[in-house]
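For this one, chain E is given, so just place chain H on it according to the hints.
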Amino acid sequence: MQGCRAVAIDKVIEVPYALEIPVGPQHPALHEPLLLKAYADGEEVIKVEVHTGYNHRGIEKLAEKNSFYRDIFIVSRVCGICNGVHANCYVRAVEQILGIEPSPRAKYLRVLAMELERIHSHMLINAVMAEIIGFDSLFMNIMRDREYIMKSKEIVTGNRVSADYMIFGGVRRDLNSEKVDKLKKLLDRVIPRIKYYKKLFMEDETILKRLVDVGVVKPSEATLYGLLGPAARASGIKIDVRASDKYDAYGEIPFNVIVRNECDAWARMMVRWDEALESAEMVKYILDHLPQDEKAVPDERRLPRRFPPGEAYARVEAPRGELIYYVMSDGKPMPYRVKIRTPSVHNILNTAKFYIGYSIADLPVILTSWDPCISCMERLTIIDLKTGERRKVPMKELAGGGKKWVNPRYSL
Amino acid sequence: MEKENKSNGKAKIIRYTPWLVHFNTGACNGCDIEVLAALTPFYDVERFGIKLAPSIRHGDILVVTGAVTKKAGERLKRLYEQMPSPKFVIAVGTCACTGGVFAKSYNVYAGADKVVPVDMYIPGCPPRPEAIIDGIAKLLKKLEQS
Chain E
46 MQGCRAVAID KVIEVPYALE IPVGPQHPAL HEPLLLKAYA DGEEVIKVEV HTGYNHRGIE
106 KLAEKNSFYR DIFIVSRVCG ICNGVHANCY VRAVEQILGI EPSPRAKYLR VLAMELERIH
166 SHMLINAVMA EIIGFDSLFM NIMRDREYIM KSKEIVTGNR VSADYMIFGG VRRDLNSEKV
226 DKLKKLLDRV IPRIKYYKKL FMEDETILKR LVDVGVVKPS EATLYGLLGP AARASGIKID
286 VRASDKYDAY GEIPFNVIVR NECDAWARMM VRWDEALESA EMVKYILDHL PQDEKAVPDE
346 RRLPRRFPPG EAYARVEAPR GELIYYVMSD GKPMPYRVKI RTPSVHNILN TAKFYIGYSI
406 ADLPVILTSW DPCISCMERL TIIDLKTGER RKVPMKELAG GGKKWVNPRY SL
Chain H
3 MEKENKSNGK AKIIRYTPWL VHFNTGACNG CDIEVLAALT PFYDVERFGI KLAPSIRHGD
63 ILVVTGAVTK KAGERLKRLY EQMPSPKFVI AVGTCACTGG VFAKSYNVYA GADKVVPVDM
123 YIPGCPPRPE AIIDGIAKLL KKLEQS
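Same order as they appear, the protein sequences are chains E and H.
Yeah, the first sequence ends on 457 if you go by my numbering, and it's all consecutive.
Yeah, the second sequence ends on 148 if you go by my numbering, and it's all consecutive.
It should be emphasised that the hints constitute simulated quantities derived from the structure, not laboratory data.
Even for Gly, the Cβ is constructed at its ideal location relative to N, Cα and C.
One should not assume that every hint holds.
[Unchecked claim] Just the calculated beta-carbon pair ranges, DEER-fashion:
#: 1; chain 1: E; residue 1: Glu250; chain 2: H; residue 2: Gln147; range: 44 to 54 angstroms
#: 2; chain 1: H; residue 1: Arg49; chain 2: E; residue 2: Ile145; range: 44 to 54 angstroms
#: 3; chain 1: E; residue 1: Arg382; chain 2: H; residue 2: Lys72; range: 19 to 29 angstroms
#: 4; chain 1: E; residue 1: Gly376; chain 2: H; residue 2: Gly51; range: 56 to 66 angstroms
Next up, chain E with everything else stripped away, as it sits in the complex (with noise of 0.2 angstroms):
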């Protein structure tokens, strides 16, 4: 925090730290596009800019310029990961235009895809965390136990990651009771792994020493800056947007809040993993307690074909945070507007600030811990203005430079 009046010195050391980008919600190999600038003095990171832009694809552009049906797909797309989110708020928001509301089944079945989903994106980020601080066979394991949760998630949605499950008035697929124990028994297989992956982040000593005091946001912070999700739950903040609107049928399903109030990288980890664990058992209350005689999926040739103007917000817990749509029909096939607030804006741009004063070393760590979407986050048009600033160290951002500078265990 006093980096900025320590340096006495009168030239800044620009480290290249071109974070192309290694950190996502995926591996860290996996380049996604967002570059963070570190400047840093010795080791100490003094400032982070963050530059955005590369993932910008016009979605919002692009749902108005396609009719009410075609923009599931396409808002689906926003994010591979968090799909069944994105589309199942869009779906809420049009169904508020329409009028129309889905059987107590499709609720059932909608909280069951997201909730799975929900699983297999902290168990996702908390893989990368491993990868990040240098445990490699960890990050192996924990995404060999995440093939459990996509193989429920194929059982009930029909693909693995996008599926489009969602449609106006309900659910694209049904399950039967074949479908419902085979998704018991891959259950029961992956309660035990979270657990003792939880266990394992709250005993190893590795992974205590790069985690525990990194990245600290505290609770005034995180309300002033915004953060959402995990990251501000993490902080003491008891946001969730599940428990305070209580849409589909979040309202029937018994689950808790989780709350930690150490307000650093560990604790955000830690949310994550005892959400999966709560995700775990709504999964379980849902396949026990699924509604029986009503029909979930609609039959999609009597889907209204014409839509009243109207407007209409509608908001879920994404893994990430608070996911608002906003969807405007003038009476057209298409919307025309749809506008998209995801949690990562807040938590990605809002939060530069925080890897002052930390290590080089840690800002891999505090960057994986806000749990950074970067496809969600650029629909935004952020366009950077100084092209010309780039230009200098073209190949060193590009290639990922930087990790001539940086021990390469740490870089990414």
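Leaving out everything else, chain H in the frame of chain E:
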């Protein structure tokens, strides 16, 4: 676009241990996590000697995901130029093949082949890890015959 590195016979030297470099040019992460799943124990491409390279300058195969946004497109081109020859490009996912749902957007080139020469297309949204492994294995077979 010219493919200068195909006929000189050097391609054979990488067929036992091709090193991958993954570049996200504006993908939704769906393909990225499937590439990742292909690299990790359940699917495990390391049994083919395939490994992620730490830097583009060590890479043999560039795995491109995403619809190639205009800003990332420049980067993709420069990345390709920095790779040592022989070099190959795999386009993973419908977006990298043709642009997918984003093809008509104002900010994408819609397809990796608009920017760099592509040797193998793996369509799917996202392609399953099996499909990705199949694509890589087929490319390696092609190298053997070249």
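Hint check:
1. Checked against the given bound of 44 to 54 angstroms, the beta carbons of Glu250(E) and Gln147(H), roughly 51 angstroms apart, stay inside it.
2. Taking 44 to 54 angstroms as the suggested C-beta distance range, the pair Arg49(H) and Ile145(E) conforms, at roughly 50 angstroms.
3. A hinted range of 19 to 29 angstroms holds for the C-beta pair Arg382(E) and Lys72(H), which are about 24 angstroms apart.
4. With their beta carbons about 59 angstroms apart, Gly376(E) and Gly51(H) fall inside the hinted range of 56 to 66 angstroms.
In summary, this structure violates none of the numbered hints.
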